[in-house]
Amino acid sequence: MLRVLSAAAIGLVFGTGIVIAGMANPAKVLNFFDVFGTWDPSLLLVMGSALVVTFIGYGFVLRRPAPLFDRKFHLPTKRDLDVPLIAGSALFGIGWGIAGFCPGGAIPALGSGEPSPLIFVAAMIGGILGANALKAAFTRRQALA
Amino acid sequence: MTGILTGIILPKGDWNWRLAFLLGAIAAPAMILLLTGMSLPLQSDIPSWAIISGGLLVGVGVAFGGGCTSGHGVCGMARLSTRSIAATLTFMATTFVTVFVVRHVLGGF
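Line by line, the protein sequences give chains A and B.
Mapping the first sequence onto my numbering, position 112 (from 1) lands on 112, and the numbers just tick up by one.
Heads up: take any position in the second sequence, counting from 1, add 1000, and you land on my numbering.
Here chain B stands alone, though its shape is the one from the complex:
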């Protein structure tokens, strides 16, 4: 996902299929609503400052790590890539620890 997005925000000349992919993904909630009448459950009691800090960390992390849950976690692991397996184990572990610290040490969201 971030590889496709990065090719648009730092244009490399093949932005058209990338933009089409992202727009297709963004259209998904509307299509589900039209076809089934089901709206996307999106519960987030997370304060804006935390969403902004999380977003910044995710952006910096994927830029250096070269991938996210879909890139390393699904595509890379499915190719049995050592780098992707290492990346996925690393981010799963830090996410787990972060959720533990935020919810059970700091008593937050």
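Chain A with its partners taken away, still in its complex shape:
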């Protein structure tokens, strides 16, 4: 129960930060990338301060043997740079540049009641499902071969 309540509180803090910073606003996000047009460098401060806070926070948190509400930390274990990582990230960036939403911006934006984040999140879920079906089919084919 405490685990679920703390997750909701953390989500609320995350969403509040995203909304106040302007990361949920496609126009602001696209202007951040538009160095040769209507450039708005302020999101650099958002990313920069988020990184500094997380870096310092992880320094304290990851020194503990386990999180407060779990038996162990769940951290990524892969270390190597592979094609799916780079190709996937490249596609993600193209989509972000077209729509102006990234997942962390679009999900809090769902609470605005506007239609555009809803359309974006629905399409994104479609993309995740499609890609995972493709991955599963590929794994099956490799298992058969």
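Because the hints were derived from the structure by calculation, they are not lab data.
No experiment lies behind these values; they were computed from the predicted model shown.
C-beta: ideal position from N, C-alpha, C; glycine also.
Warning: the hint list may mix true and false statements.
[Stated by the list, open to error] Okay, the calculated beta carbon distance ranges per label pair: (1) Leu-1033(B) x Lys-72(A): 33 to 43 Å; (2) Gly-1037(B) x Val-83(A): 21 to 31 Å; (3) Trp-1049(B) x Leu-68(A): 44 to 54 Å; (4) Gly-1107(B) x Ala-133(A): 32 to 42 Å; (5) Gly-130(A) x Trp-1015(B): 19 to 29 Å; (6) Leu-62(A) x His-1104(B): 36 to 46 Å; (7) Ala-9(A) x Ser-1039(B): 16 to 26 Å; (8) Ala-1093(B) x Phe-69(A): 31 to 41 Å.
[Unchecked claim] Taking lysine-lysine pairs in the PhoX-like style, the calculated list, with each CA pair at most 20 Å apart, reads: (9) Lys-72(A) x Lys-1012(B); (10) Lys-135(A) x Lys-1012(B); (11) Lys-78(A) x Lys-135(A).
[Unchecked claim] Residues on chain B that point at chain A, a partial pick, calculated with CB under 8 Å: (12) Gly-1066; (13) Cys-1075; (14) Thr-1082.
Let chain A serve as the given structure and place chain B on it in line with the hints.
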């Protein structure tokens, strides 16, 4: 963000804290409105077909790339993960090029 979301749409048994996190995030604009009277500025003149194509690409990209701006860009980079640094540099570069092409080559939104 997408790691938490994917655990709900492809259920892995621990969906309850994930859903609580997402609902907390979705509640943020309403809470800000209640506390401050400030509504979320959300300007998007982007046509629906572009939002749909962008959403699909983002979905496929995060499924293969294993993370988004919050996962690789903040959490992974803060752990000094080589994979996350490579992923973040890659998507920042392709986003930059895409915005340039859409706005200054194609003359769009």
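Hints, one by one, checked against the model:
1. Leu-1033(B) x Lys-72(A): 33 to 43 Å: The hinted range 33 to 43 Å holds for Leu-1033(B) and Lys-72(A), with Cβ atoms some 38 Å apart.
2. Gly-1037(B) x Val-83(A): 21 to 31 Å: Since Gly-1037(B) and Val-83(A) have Cβ atoms about 49 Å apart, the given range 21 to 31 Å is violated.
3. Trp-1049(B) x Leu-68(A): 44 to 54 Å: holds, 45 Å
4. Gly-1107(B) x Ala-133(A): 32 to 42 Å: Because 36 Å falls inside the window, the suggested range holds.
5. Gly-130(A) x Trp-1015(B): 19 to 29 Å: Holds - the Cβ-Cβ distance for Gly-130(A) and Trp-1015(B), about 21 Å, lies within 19 to 29 Å.
6. Leu-62(A) x His-1104(B): 36 to 46 Å: holds, 43 Å
7. Ala-9(A) x Ser-1039(B): 16 to 26 Å: holds, 23 Å
8. Ala-1093(B) x Phe-69(A): 31 to 41 Å: The hint (31 to 41 Å, Cβ to Cβ) holds, given that Ala-1093(B) and Phe-69(A) are roughly 37 Å apart.
9. Lys-72(A) x Lys-1012(B): holds, 17 Å
10. Lys-135(A) x Lys-1012(B): Distance ~17 Å between Lys-135(A) and Lys-1012(B) Cα, so the pair holds.
11. Lys-78(A) x Lys-135(A): Measuring from Cα to Cα gives roughly 17 Å; hence the hint holds.
12. Gly-1066: holds, 6 Å
13. Cys-1075: Hint holds; Cys-1075(B) Cβ to chain A Cβ min 6 Å, cut 8 Å.
14. Thr-1082: Because about 7 Å separates Thr-1082(B) from the closest Cβ in chain A, which is inside the 8 Å limit, the hint holds.
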